[in-house]
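K.L.:
Sequence:
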Amino acid sequence: MGSTSAVWLVLLLFVVFCGPGVQSSEFRLSDSKILLPYHSFAPLNYTLYGSNGTCYEWHSGTSEVATVTPLFRPSPSSSHCSTEAVVTAVWQSPHRAVTTIYGKVAATGHVMKCDVIVDNIQRIEIGTTTQELYLHNTPESLTVVAYDEYGNTFSTLDGVPFEWRIQGDSYGGVVDGHGVLRFLTWAESEYTAPQSIANLESKGLQGHIQLVGGLVTGSAVVSVSLQEPVYSTVPPAQVRLLVMANAQLSPALAYLLPESRLQLHVHVVQQGSDKVIRLPSPQYHLQVNDTNVVDVDPQDASTVTAKQYGHTDIKLLDRNVEEALENLQKAIHDHTLGNDDLRLPRRQLPTSLIHVVEPAYLGFSMQAVQTDDNFNFCQKAITVATRQPSVSPFATRSWVMEVGRQYIIQIDIYDQNSHRLYPTDNVRLEVNVPDTHFHLLNSTENATFLLLQPTASGIVSIEAKLTGIVNKDSAVILTKTSVVGVQQLTIYPPVLVFPSTVLLPGITRTTDSHTDLFRLRATGGSGHYNWIALPGRANETAAVSVNHEGYVSVVQAFGDAVVVASSLSNPQLCGSARVIVSSPAVLKFVPGPSEVVVPSSHRTHSTDDYQHITDHSDDSGDDRFVLTVGLAVLDVQGRSLTDCRALDILFQPLDASVIKVLPERVAARAQNVTDELSACMLIHVVGLAVGFTELEAIFRLPGGNPSSQTPNMSGDDSGLSRPSVSTRFAIAAYRDISFYDPVSASTHVALGSTRTLLFQEGPQPWPLEPSTYFAKVISLTGINSGHITSNIPPSVRQQPYGLRSQSGSSRQTDKHAAESSYPGSVYKSSNSAALLSAFSMRCESAGTFRFALEVGHRPSARNVAPMTMSTVFTIVCHVVSELRLALHPTIPKTVPDTPGCSLPNDLMMDTSSEMPMPNTAPFLVSLLFFGDSGQKLEAVDSVPTSVSLLVDSGITRSVHSNLVVNPTPSLVYPSKCLLFGWCEDLSILPSDPHFVIEPREPGYSTGTIRIHVVARVNQSHSFSLLRTKATLQAESLVRLIRWVSVQPSDRLRLFHFSNVRSVCALSMLSYI
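Going left to right, the sequence shown walks through residues -24 to -1, 1 to 1048 as mature numbering (1 follows the signal peptide of the UniProt record, and there is no 0) numbers them.
Careful, some of the hints might be misleading.
Simulated DEER-style distance windows between Cβ atoms [claimed, not checked]:
no., residue 1, residue 2, range
1, A514, P274, 22 to 28 Å
2, S199, Q224, 28 to 34 Å
3, H287, Q464, 31 to 37 Å
4, S700, V531, 24 to 30 Å
5, G614, D348, 43 to 49 Å
6, T106, S208, 29 to 35 Å
7, Q224, H287, 39 to 45 Å
Note that these hints are calculated values from the structure, not bench results. By construction, the Cβ of each residue, glycine as well, lies at the ideal position given by its N, Cα and C atoms.
Modelling step: build the complete structure from the supplied sequences, incorporating the hints.
P.N.:
Printed below as a string of structure tokens:
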């Protein structure tokens, strides 16, 4: 219990003794006592200030002596208290009077006091900063200080009028001082006048502060007195001012090597510009204090030469001033000065201190040369990153450089006390700069200053050595002490931010991922960067922000910013990019490839198959099955945005059956902002079917109802809540080129024969620009093999062309191809409807030859980068060496919806046996020609061939048979049949030359027919050579029989298994 009472006693004592002190220390007034002159000409005011913004209630103890008026700034926070108050001396008697100003803290009631003393002015003086005025330079501000009878200084003289005068200096021989000095009003000066002085000057009066300037060299006296009659007993105050030229001697301090020569320079500082004084001069000269240390060259009177170790000073003397001061001092010496006489101003002569010392070591410093705005951005970025003012890089010892920037290397000589020696011109240094990493742009004669530009990155060293001093006779005096220095530095590649100018939209979709954010890339430096976004203009905020990976986020709808990437280890290595935020206004597709290849049936159309193309933004891939389309978005000034993936743009094909748009949006290859149209986003399109369509892009401009996110696709604009912009892009979808005949893209042709090749698919003529379409055949023989063959390659008899329409053809037309206005017929192949085109080649000599078929378009306004498809085919030219015949029997028709007959539709014929054929319908016989390698030939129109159908009788073997309608049938060539529309159905025709045997009486004509075929072939390996032709013959026997029937017909069963049998009776069997 006793300990507890003791604790409370200690706390009570602390509150009693320390509490009031703590409380009073929180509230303070700016002054505790004020001395003011009594009221004569006008009341004199003085402002009291409270501390910490505390609100006080003010009142005066004796209002007859001084009053107090609260000041409410900028607006009254209370009707009865303020933080400031104006004290006004209203006492009008020269006798001393005292009052107290009370300031009561409104919140606590604590009272602060300030004593105000009002008294008479007994004496005044002129306060000066210096009594030396420089000619044509800044003026001197003279201030009046007033004292009472006890020597106390008055607190203020604001508002008290004074009278200033300029008088001649009787001792200096100057009668009129206005030729030496002049008064300046505050209004005509470059300085801000105090408010009380400005008020007096507006009334034509002068206050207690006055500006005075020098006109010519010399001396004059300035006096000041109180203007009011009540102060007539107060004596005026005077000050003597000396006006001289502001001559300066440089350098003011120099450490020199023995035998080094230093030229001193004299310049006079004037208002507006400096004036250089050349020595020797009739007005100025140098004076050396110790000529044993240095001496002055008598010829130029400005070059000093160091003679021995030591120190001295050199003064600059002005002959005019020295002469004037000498006369003034003599005049003063001849007269006895009283206490009230003005003293001669003390003058400080311009001086240069010279120390001659011994060299000890070399020091290196580096200065980066500012050549662009990027330099300033780097410094601002360092300041923002460190929250401290950056150290100026113009004098740094951080030995890091970047390739391409210019640097000044300064090599300094120091003594053993680390004093820097002045680099005189006659000092000689030997510096070794590696030319493998630097380009020396400039150098001083003494090699102490080097202007270098790094050309390659790496770690290098710069070596320097002090060799000696060049004396007056141009001889090099070697230094006794060896002074060398080596500095190692690291050179980095320059930090470059790409692109250097970026234009982003100010309207973006809300997203938490980096998918739609634009990323700046940086190269160079140390490889690791710190990213900072700076405002593009002063007094503005940055329009974007950037994270540590360089992803840029837009934070304002309009504006710009500068994004700086600085090296983490060396912030002075940095690069910058300007980012502009603007509003999108126009959509345009970038001209580029507009054709895509439709995958074949075995390729899948799933979006996952094209996922690999969205993993990067490179649009230079050669995947023909994916079309990359670039979209450009222009702002109101017509500039292309750099990245627009964050915009809510809808893409849709007009015909969704032809193409499909993949959902991913890919960043376009970044480019600097220019007036040229450039893509800000890439989309990928795949082909679904052959045809032509357009891709449409739609974007709604800001404004209206933002809740509506999808455009009205019905065509009715009345439902749109916001204006929208759109654009279209024409796209064509093709399939790969494929040969229709031959199927294998390789054909064997008889020498001299013309082969007509058919192909389908590939690029199709554009509907509005069919004239740009082309198809051509190019010979590849000898190109890849590296030598030119001596054989004559096949000649192109006819370049590719579209086939004419066939009337009555059963083939259906592809609707997309039919709408393309293709000037040829459309055929339906075995797998799909496709256009057929043909071209003809003729064999000129025997051999194997390779060709390429190219199909595409020439560039046009709608198709600026057309696709060219090509396929390679081979033509083998043979000499005909063998002829065979093949029979094509008529295939019986089966019941509908049942499998077709499995009997072969072509039978090889020979002369050893007869081939039975029904006499109910015509049948075909084809001619098979073979080359010297046994390969079947597909074109033999150069081989004259005759066909005879003869009676098979020993006596009348050469007599034409009367069992057929035409015993000498003509040959039918399928290629001509196809080209000229002679055949109704190509699917039932053989691909070889053939003829038709038609029974004279179908169903009744029976008997044996001998088929005799004679062909004359050229045995030469060159078609151009006329040589004797050989004869090839082929014969076969055909027996016309009646059709076999089964009675009853339902007893016949056909099986496709060898071990299954059935018994049936055949009637009217005429041949077994």
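K.L.:
Hints broken by the structure, by number, lowest first?
P.N.:
1, 5 and 7
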